[in-house]
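Let chain A serve as the given structure and place chain B on it in line with the hints.
Sequence lines, in order, name chains A and B.
Going by the numbering used here, the first residue of the first sequence is number 1, and it counts up by one from there.
Going by the numbering used here, the first residue of the second sequence is number 1, and it counts up by one from there.
The set of hints was computed from the structure by calculation and includes no laboratory data.
It is possible that part of the hints are untrue.
As the list claims (entries may be wrong) - In silico contact screen, one side only, chain B against chain A (beta carbon under 10 Å); selected entries: (1) F26; (2) I28; (3) A125; (4) Q185; (5) W203; (6) F206; (7) A285.
C-beta atoms are modelled at their ideal positions from N, C-alpha and C, and glycine is treated no differently.
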Amino acid sequence: MSSEVVGVGERRWVNGLLGLAAWFVGALYFFPIFWMIANSFKEEAVANADPTLSFSPTLDRYRDVTGETVGLLGFSEAFGNSIRVVLASTVIVLVLAIPAAYALSIYPIKKWRDVLFFFISTKFLPLVASILPIWILARELDLLNTQRVLVILYTAMNLPLAVWMLRSFFQEVPKELVEAAEIDGASLFGQLRSVILPIAGPGIAATALLCVIFAWNEYFFAVQLNAADAQTVPIWVTGNVSTRGNFIAKLSAASVLASLPVVIAGWVAQKRMIRGLAMGAIK
Amino acid sequence: MSETAALPSHATPWRRRLPLLPALIFTIVLTQVPFLMSLFYSLTNWRINPPTPREFIGVENYTGLLDNQQFVDAAWVSVKMTASSVLLALLFGTLLALLLDRKFLGQGLIRTLIITPFLIMPVVAGLIWSNQMFSSSFGVLNWLVEQAGFGPTEFVSRYPLASIVTVLVWQWTPFMMLIMLAGLQSQPSDVLEAARVDGATSWGIFRQLTLPHLRRYMELGMLLGTIYLIQVFDHILVMTGGGPGSTNLPFFVYRRSIGGGWLFGLASAFSIVVVVASIVIATFALRVLSNLLEGEEAA
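This is chain B alone, in the form it adopts within the complex:
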């Protein structure tokens, strides 16, 4: 009787928690179980080729990790690739959003054209750029370079990292632009109006009102961009195949496990290190997210 009379907000916690459980359990199983398996494999000498019995070898796989120059190189490529593409995409995305956040003829059409790269399949993006833009035989960029009087350059093999970053920035600038547009459009118009009436200059309004308002959107863009760009794989596979200077950590681990190395024990140790490094970065990024949610509660 009292159960039915109670207000909904006093209902049993379990009834409130129940709707969450399927998604939570699904996510825990799909992410934590593989992690625990990797952790176990990383303590063994398991390899497929030549097939050897799986033996427990403790932390041996981990001891030489940092002396492995290729691993250190891949980590460095990961840092450079992620940081440069996130920051450049954010910079260009912000500039484009400022450019598009005004009335002009064809505004919708231009926005539509600019977001298209984000919707393109990564393998397609990588292939268009390497075959049709960068290519030294028939690429448009090379054609331009030659018109300017320089010799042909095989961009992808000479500048592998820069070429891949170019494509990543091309694809992710629209995404950043969308987020920054949302930020610009959510500015309270009455505050802007009041500032203008008070005689503030456009530059002053931008610096003192718009930029602080956009900060949270920039942080959001960096967070989401990092989540996806730290994992880049497809572009590398179709553009350079992991050639010199373009193997990031995901590609490195892949090459040593099911991508041909079949050193399951060692590759697992690498991947555990990658996970731990990612968690360090994630903790940092989540602090950013935490600030975002903090703002929500204050609001």
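This is chain A alone, in the form it adopts within the complex:
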């Protein structure tokens, strides 16, 4: 009896200690981001000196990086470009992936596994191995330095993962409901709207969000194929690195602004993303 009580007390003590460890590790992991945020509110001279947390915060760096200079890529232009490219590619991904996931889950076609393999295997082709032909094709088709080329490439980049995740979410839809809708004469679109979307909606949202994160953060294609016009946020951020003079505080402010949209989106959707990613393979 008494040993039981000791056991419970001991467990509580261990739990408390592990909780404390979690806090410590959490702080450690977040520290570089915390430091970036702190630096973004400093004067350049303070940021480029021995690390300190005693400083009078200023918003001047944010004013600096959002101010527009003629001839240079501005904040609002970069964000506008990124938002357009990311939203367009994510919408196209969903338009292509939702019917595909339907054909692989609700009424799976015969070789559904091979098809799923094919989609995932394309993710193993290194981007750089295809950048040269893509660059040449884009030049031939007059797509170099347009937003359209990025929309197409981000769609291709995210489509396999989206098909994969959506398929698992669609498998949660009871087949009887889909059959009933079909007997009632609902088209594919009708079935999607009336039966599948209400059930798999959260999963679709999580999938879309992951596509947004990867597209928003993409730098390689953006800088290779789009160096002149229609530049996106990652290019704007790196534009704040300068070889002359101090830039840490300014770069930090730009980095905070660039990261904020997807960080907030990721925070909001973290639980669903966990489920979607894991179920993609396991359920």
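Then chain B, alone, in the frame of chain A:
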């Protein structure tokens, strides 16, 4: 008449296949066409600088590949970079998931703080670490090193590979943690309860029930991690610019084609070799995936 009377499950296969086609065709065009073009270029001596007419030279670009020490070095860097970052991220991610899979004050907040690195733009992550953590002038890490009584170390130039791997592990640990958390939370609670009633110790439950259950999630984490980490480019570009010891295969191929070399024929041959190597690794990884799907059908 019989067409309308038939049950939906007997409907024509083409109607079932049709929804798949747009995505499939899009993916085939966007991935296979560039590959075939690369294959063709790799058999030519095409270069831009100095501009020369494109001539068909057969497999000449391939013959010297393995003697090219820089190529072999880059392949080795790729292997080390991918393997170490995937394994370390998986290890830390699993430990963190075990740490967070319990009720404690601020659980949600801590999980939120830890996943943030995964959401940060790779170029931003590379720049924060190299300018604000590693830097020998104002970096926090160097400041700590100096407080401990050692001289300043320019981490990125002295340990380029380790520095890049540190940032990669920092960004991908949260991703692995998310997957492992999903694994931990999907454990059937009745089985765990039964084991506990039967007097199993915590360690025994972990080793005999939790760990086997987590295996598939670990495999999934390794698969997804490898897919993305084999392609690392942004971190290298902003941290070392491909300096000694940090050029992986993607960076190597890039440098020889549109990244300044403009040796389109030779670079294409390199990229074909990279693709073939990736396919070998992918086949291996897909076998893992196949086991995952196998489990689904059994379930």
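How the hints compare with the structure:
Annotation: interface hint on F26 (chain B) holds; nearest CB of chain A at approximately 6 Å, less than 10 Å. For the restraint placing I28 (chain B) at the interface with chain A, the shortest Cβ-Cβ distance is roughly 8 Å, inside the 10 Å limit, so the hint holds. Given the 10 Å rule on beta carbons, the hint for A125 (chain B) holds: about 8 Å separates it from the nearest Cβ of chain A. Annotation: Q185 (chain B) was flagged as interfacial toward chain A, and the flag holds, the nearest CB pair being 8 Å apart, inside 10 Å.
Because the closest C-beta pair between W203 (chain B) and chain A is about 13 Å apart, greater than 10 Å, the hint is violated. Annotation: F206 (chain B) was flagged as interfacial toward chain A, and the flag is violated, the nearest CB pair being 14 Å apart, outside 10 Å. For A285 (chain B), the interface hint holds, the least distance from its beta-carbon to any beta-carbon of chain A being 7 Å, beneath 10 Å.
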